[in-house]
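Whole structure, please, built from the sequences with the hints as guidance.
Number of protein chains: 4
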Amino acid sequence: MPVAEVVRHMLDAYPREFNVDRPLLVRCIEACADCSEACTQCADDCLSEHSVQELVKCIRLNLDCADMCATTGRVVSRQTEYDANVTRAVLQACITACRSCGDECERHGDHGMEHCRVCAEECRRCEQACQDLLAAIG
Amino acid sequence: MPVAEVVRHMLDAYPREFNVDRPLLVRCIEACADCSEACTQCADDCLSEHSVQELVKCIRLNLDCADMCATTGRVVSRQTEYDANVTRAVLQACITACRSCGDECERHGDHGMEHCRVCAEECRRCEQACQDLLAAIG
Amino acid sequence: MPVAEVVRHMLDAYPREFNVDRPLLVRCIEACADCSEACTQCADDCLSEHSVQELVKCIRLNLDCADMCATTGRVVSRQTEYDANVTRAVLQACITACRSCGDECERHGDHGMEHCRVCAEECRRCEQACQDLLAAIG
Amino acid sequence: MPVAEVVRHMLDAYPREFNVDRPLLVRCIEACADCSEACTQCADDCLSEHSVQELVKCIRLNLDCADMCATTGRVVSRQTEYDANVTRAVLQACITACRSCGDECERHGDHGMEHCRVCAEECRRCEQACQDLLAAIG
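Protein chains in written order, with this note's numbering: chain A, 1 to 138; chain B, 1 to 138; chain C, 1 to 138; chain D, 1 to 138.
Think of the hints as simulated: they come from the structure by calculation, not from any bench.
A virtual CB, placed ideally from N, CA and C, is assigned to each residue, including glycine.
Do not rely on the hints blindly, as some may be mistaken.
[Stated by the list, open to error] Chain B side only, calculated, beta carbon under 10 Å to chain C, not exhaustive: (1) His50; (2) Val56; (3) Leu134.
[Stated by the list, open to error] Sample of chain C residues with no beta-carbon within 12 Å of chain B, all distances over it, derived: (4) Val26; (5) Arg27; (6) Cys46; (7) Leu63; (8) Gln92.
[What the hints assert, rightly or not] Chain B stretches covered by chain D per the calculated footprint, using a threshold of three residues with CB under 8 Å from any CB of chain D: (9) 35-45; (10) 57-66.
This is the structure we're talking about:
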């Protein structure tokens with residue numbers, strides 16, 4: 001089942017009110033799950049390339065971005081006793097991690113590295129989803 | 001985008017051969033992402049219930065299961081220099097965590113706790129997906 | 001063995017140069033490990049209290065802080081192809097998470113909740129260690 | 001402060017009884033923190049080596065082992081509503097991950113790769129600490 005559906009079912013069952021824009025929240029959680037997965041696999045794909053030496057920066061940023069997306073997905077999934085300062089700072093860190101990783105992956109994607117191309121797309125999507133949620137939070 | 005699609009794109013781009021059954025692998029990675037998310041939200045939902053005192057065991061198992069599913073999703077996502085012993089042991093631990101958490105969530109789901117009902121379903125699905133991948137690995 | 005010793009041994013063995021102030025780096029990695037552990041245990045301790053209902057906010061912030069400290073510890077542990085933007089944003093998010101969690105734990109610590117008192121101390125220490133590393137990075 | 005001290009302070013403040021052998025528990029939690037850190041740094045060190053191509057298996061097992069140790073440290077840190085089946089399965093998976101990673105690191109450590117030598121030691125120590133806790137649980 002898509003993660004977004006799981007998120008929607010769980011949000012429907014949330015026992016209190018919550019103020020966050022629901023579709024933006026769902027999209028952000030899904031984008032974090034997607035990007036964390038893409039980065040974990042891209043790091044692994046890079047390790048299998050003959051040109052691994054040239055992909056060291058990509059692997060490093062993949063690992064950072066996978067960790068940061070996983071943490072962000074968890075933090076924004078929690079509605080109880082929501083703390084706007086924490087959510088904002090975490091989203092900002094995730095945006096930065098996605099941008100750095102996306103930039104690096106894009107460079108290799110432009111030179112035919114297909115997993116980097118796909119991963120760059122997920123980084124851009126996650127960066128945008130975090131930006132949108134951040135803007136909605138204010 | 002569903003996590004399963006991200007996984008498929010990334011597996012298409014994997015530079016080496018891999019021996020694992022592809023559809024079972026995709027389903028397992030997606031089920032781990034779903035279950036980790038469901039457990040993170042179920043713990044949070046339980047914290048917002050008036051009856052939180054009675055849900056302490058559920059929260060605890062949700063936290064364990066969320067962590068174990070996240071780790072399992074990462075380990076099985078890595079194809080490079082695959083180590084069957086590690087994969088097997090990690091899948092077995094994930095199966096056990098999903099079963100314990102699923103049993104506890106089901107008890108509360110049967111008493112009208114909707115988020116526990118949904119979470120129990122994800123635990124069962126993840127347990128099954130890990131079992132199927134484990135059987136395929138042999 | 002203390003984590004700080006492991007970190008020192010590993011930094012001694014790092015094959016390239018790195019520019020970060022070594023003692024500040026070691027202290028930050030250790031503080032992240034300590035605070036992540038304290039928060040994981042504090043959430044668990046709160047779940048075992050009769051007054052769990054009043055500790056819901058504390059548990060929620062413990063979970064966020066544990067996740068954010070774990071990710072920060074990993075990001076700052078990586079020296080290869082260091083990206084100052086990512087490190088800075090991650091440290092800032094960690095500082096914010098530690099401050100919110102520390103404030104909430106302190107309130108309960110002042111009312112006799114010993115695990116919250118200890119956890120608040122670790123949050124303050126980690127916040128400071130991240131601040132110091134951030135200042136050194138510039 | 002060493003993680004072991006944080007753990008001891010937090011266990012002193014735990015509001016209920018717990019049955020696990022205290023020194024074995026403290027040692028296991030500390031060993032998981034140490035090994036997770038060592039593996040995170042060893043993967044990063046390997047990425048900085050000229051011979052990164054020959055260290056791909058080491059990096060992959062480092063990543064698995066770091067994730068599994070982090071999850072194990074969290075699961076065994078939780079005392080509330082302790083579930084022996086989950087703890088056992090998680091410890092077993094951690095033992096397997098530490099053994100595979102320790103074996104691979106040792107091979108490179110024997111050939112002068114100092115960070116692999118240190119990391120292998122932490123893997124052995126963590127494997128033993130998990131074995132001891134597993135034996136005590138029965």
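Hints, verified against the model:
1. His50: 8 Å, holds
2. Val56: 5 Å, holds
3. Leu134: 27 Å, violated
4. Val26: 26 Å, holds
5. Arg27: The assertion about Arg27(C) holds, with a minimum of 26 Å to chain B.
6. Cys46: 10 Å, violated
7. Leu63: Label violated. Min Cβ-Cβ 8 Å, cutoff 12 Å.
8. Gln92: Correct as stated: the minimum Cβ-Cβ distance to chain B is 23 Å, above 12 Å.
9. 35-45: violated (count 0)
10. 57-66: holds (count 5)
Hint check: violations occur at hints 3, 6, 7, 9; the rest are consistent with the structure.
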